[in-house]
Amino acid sequence: MKNSLRHIWVIAGNTFTEAIRQKVLYVLTVFCLIMLGGSSFYTQFDFRGDEFKFMKDLAYAAISVIGLLVALLGAAMLIPAELEKRTIYTLLSKPVRKFEFIVGKYLGLTLLLTLFMALMAGIFMLVMWSHESSLTNDIMATSQGQPTELQLQQINEFRAGAYDPAMWQALTLVWAKLCLVTVISVFFSTLASSTVFIVSCTLFVYLIGHLQSVARDFWLAPESGASWLTTVFLAAISLLIPDFQTFNLIDEIIGGNRVLWLNTRHILLYTGGYTVIALGVSSLLFESREL
Amino acid sequence: MNEPDFAVSAANLTKTFTLEWTRKRLLALDGLDLRVRRGEVFGLLGPNGSGKSTTLKLLLGLIRPTTGQARVFGQEAGSLASRRRLGFLPENPYFPGFLSGREVLNYYGKLADLHGRRLRARVEELLELVSLQPAAGRALKTYSKGMLQRVGLAQALLHDPDLLLLDEPTAGVDPVGSRQIRDLILALKKRGKTIIFSSHLLEQVQEVADRVIILHRGKKIQEGTLDELLSVQGQRQVTVSGLTPELQEQLAAWLQNAGAELIAVTQPKQQLEDYFIRAVSK
Chain A
1 MKNSLRHIWV IAGNTFTEAI RQKVLYVLTV FCLIMLGGSS FYTQFDFRGD EFKFMKDLAY
61 AAISVIGLLV ALLGAAMLIP AELEKRTIYT LLSKPVRKFE FIVGKYLGLT LLLTLFMALM
121 AGIFMLVMWS HESSLTNDIM ATSQGQPTEL QLQQINEFRA GAYDPAMWQA LTLVWAKLCL
181 VTVISVFFST LASSTVFIVS CTLFVYLIGH LQSVARDFWL APESGASWLT TVFLAAISLL
241 IPDFQTFNLI DEIIGGNRVL WLNTRHILLY TGGYTVIALG VSSLLFESRE L
Chain B
1 MNEPDFAVSA ANLTKTFTLE WTRKRLLALD GLDLRVRRGE VFGLLGPNGS GKSTTLKLLL
61 GLIRPTTGQA RVFGQEAGSL ASRRRLGFLP ENPYFPGFLS GREVLNYYGK LADLHGRRLR
121 ARVEELLELV SLQPAAGRAL KTYSKGMLQR VGLAQALLHD PDLLLLDEPT AGVDPVGSRQ
181 IRDLILALKK RGKTIIFSSH LLEQVQEVAD RVIILHRGKK IQEGTLDELL SVQGQRQVTV
241 SGLTPELQEQ LAAWLQNAGA ELIAVTQPKQ QLEDYFIRAV SK
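Chains A and B supply the protein sequences, listed in that same order.
Start counting the first sequence at 1; every next residue gets the next number (my numbering).
Start counting the second sequence at 1; every next residue gets the next number (my numbering).
The hints are simulated quantities; they were obtained by calculation from the structure and are not laboratory data.
All figures in this text were calculated on a predicted structure; none of them were measured in a lab.
Do not rely on the hints blindly, as some may be mistaken.
If you want a taste of the chain A side facing chain B, the calculated C-beta under 8 Å gives, among others [as the list claims (entries may be wrong)]:
hint, residue
1, N14
2, P95
3, V96
4, E290
Here chain A is said to cover these stretches of chain B; the calculated rule only asks that three of the stretch's residues, wherever they fall, bring their Cβ under 8 Å from a Cβ of chain A [claimed, not checked]:
hint, segment
5, 77-88
6, 94-108
Glycine included, C-beta positions come from ideal geometry on N, C-alpha and C.
Assemble the whole structure, with the sequences as input and the hints as a guide.
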C-alpha cells in the first residue's frame with residue numbers, strides 16, 4: 001500500500017513535470033493571460049455599471065475554454081506518447097501496477113490543472129484589483145480626496161464587484177469540471193492510442209453530458225412511453241455519462257446570484273465519486289490491455 | 001511449480017496476435033519450451049519477426065500467453081514478485097527527453113522502491129559504471145543512441161536484479177560502446193547474474209553467450225551451448241609459427257601416413273572489431 005502510494009506520487013510528479021514542459025501548454029496559457037489582461041481594456045466599450053460582471057464573464061469563459069483544452073490535450077497527448085515511445089515498457093518492468101500508472105497520470109494532470117487555475121485566478125484577481133484601483137483613484141482625484149456620499153457608495157460598489165468571495169466558489173467549480181473532463185480523457189486513453197480519437201470521444205461525452213439530465217428525466221419519467229431500446233439507451237446515458245449540466249451553477253454565480261456552499265460541496269462530492277469510479281474502470285480496462 | 005535451479009522456465013509458450021481490422025490471426029510464438037539456469041548468459045537468436053521480443057514481453061508480463069506459461073524464479077511471469085527480481089532493457093530505449101540522465105535514473109529508481117541516500121548512491125555508482133557521469137546533468141534529448149543505450153542498461157541495473165532481460169542491447173551502438181556492453185555482461189555474469197538477451201548480431205552473441213536458442217517464424221529450431229552448435233565434429237585446428245612451405249609439405253605427408261588429413265592452411269587474421277578498437281583507443 002505504502003509502495004503503491006509512493007509509485008503513484010512519483011508518476012504524478014513526472015507527468016506534471018512533463019506536462020509543464022509542453023510548448024502547447026505555454027501557448028494556451030499565454031493566450032488565456034492575454035484574454036484576462038484584455039478584459040480590463042474591453043470595459044472601455046460602454047459597460048458602465050456592469051463592467052465587473054463583464055470582466056468576470058470574459059475571464060470565466062477564457063479560463064473554461066482554455067482549461068478545457070488543457071484538460072483534453074493533457075491526457076490525450078501524454079498517455080498515448082508513453083505507449084508509442086514505449087517508455088511504458090521500462091516503467092512496467094519495475095514492480096509498478098498498471099492502476100498506479102493510471103492514477104499517477106491522472107493526479108499529475110490534476111496537479112497541472114490546479115497550477116493552471118491558480119495562475120489564472122491570481123492574474124484574474126490582479127486585473128480586477130488593478131481596474132478597481134483605477135476607478136477608485138479616478139473618483140478620488142476628481143473629488144480631490146473628499147468624495148461625496150454618492151461617490152463613496154460607488155467606490156463600495158466597485159469593491160464589492162471586484163472582490164466578490166463567490167468568485168472562489170465559481171473557480172472551484174470550474175476546476176472540478178475540468179478534473180471531470182480529465183478523468184474522461186484518461187478513460188479513453190486506456191482504450192486507444194490515437195490523440196484525435198481520445199479528444200473526439202471526450203468532447204462527445206462532454207457535449208452529451210450537458211444533456212444528461214434531460215435523458216435521465218425522460219428515463220425516470222413513469223409514463224414516458226419509450227420503447228425498450230430507447231429506455232436502455234437513456235439509462236446508459238444517465239448512468240455512464242456525468243451530468244455536466246450541474247456545473248451551470250457557475251453561470252448563476254457569475255450572474256450575481258447567491259449559491260450555497262452546500263451545493264458546491266455536493267457537486268465536488270459528485271465529481272470525486274465519479275472520478276474514483278472512472279479511474280477504477282480505466283484501471284481494469286488498462287489491466288486487460290496488451291502492450 | 002517451484003524450480004529453484006532455473007531463473008526462467010517456460011512450457012509450451014504460445015502467442016497469437018489478432019490483427020485489428022482483418023481479424024487475421026498471427027502466430028508470433030509457437031510452443032516455446034525454455035529453461036535458463038541461474039548465472040547463465042542466454043542468447044535468443046533469430047531474424048526480425050522470429051519471436052525474440054515477444055518472448056521477452058511474455059517474460060515481463062507485458063502481454064499474456066495464448067497458451068502455456070512462463071515463470072521467473074518460480075514466480076508467475078509478470079507478477080510483482082518476478083518483476084522485483086529482473087531488470088529490462090527495451091530495444092532502442094526511449095526515455096522522457098526532458099529529464100537528464102541523473103533525473104531519469106532517480107525516477108526509475110523510485111519506481112524500483114529505492115529511496116533517499118541509497119538511491120542517490122546507486123545512481124552515481126551506475127552513472128560511473130556506464131561512463132555517463134560527465135553527461136549526467138544534460139537533458140536526454142541531447143544524448144547519442146549509444147548513450148541512451150547505456151542509460152537503459154543503468155536503469156535496468158538500478159535495483160541490482162538477479163535476472164537481466166536485454167532486447168538487442170548493442171543495436172545501433174558503435175563498436176566501442178558495443179564492446180563496453182559486452183564487457184559489462186561478462187562482469188555481471190561473474191557476479192552470478194542471469195542474463196537473457198536477444199540479438200541478430202551473431203558474432204557478438206558468440207563472445208558472451210553460454211547457451212543459445214535459435215527462433216525462426218516463432219518456432220525454436222535449435223538449442224544448445226555454442227560448442228555443441230558450432231564445433232565441426234572430427235576436426236581440430238592447430239596454430240603454428242615458422243611453418244615454411246617445405247615444412248608444410250612434410251607435415252602434410254606425415255599426417256597422411258598417420259591416417260589424418262591436412263584440410264586447410266590459412267593465415268590467422270585479427271577480428272576487424274579488435275583492430276578498430278585498438279585503433280580508436282590509441
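Evaluation of the provided hints:
Against a cut-off of 8 Å between C-beta atoms, the interface hint on N14/A holds, since the closest Cβ of chain B lies about 6 Å away. A hinted interface residue such as P95/A counts as satisfied when its beta carbon comes closer than 8 Å to some beta carbon of chain B; here the least separation is about 5 Å, so the hint holds. Restraint check, V96/A versus chain B: the minimum CB separation of about 5 Å is within 8 Å; hint holds. Evaluation of the E290/A hint against chain B yields a held restraint, the C-beta minimum of about 5 Å falling below 8 Å.
Remark: the segment 77-88 of chain B is confirmed as covered by chain A, as 6 of its residues place a Cβ nearer than 8 Å to a Cβ of that chain, reaching the required three. A count of 7 residues in the segment 94-108 of chain B with a Cβ less than 8 Å from any Cβ of chain A is obtained; the coverage claim is therefore met, three being the minimum.
Consistency note: the structure conflicts with none of the earlier hints.
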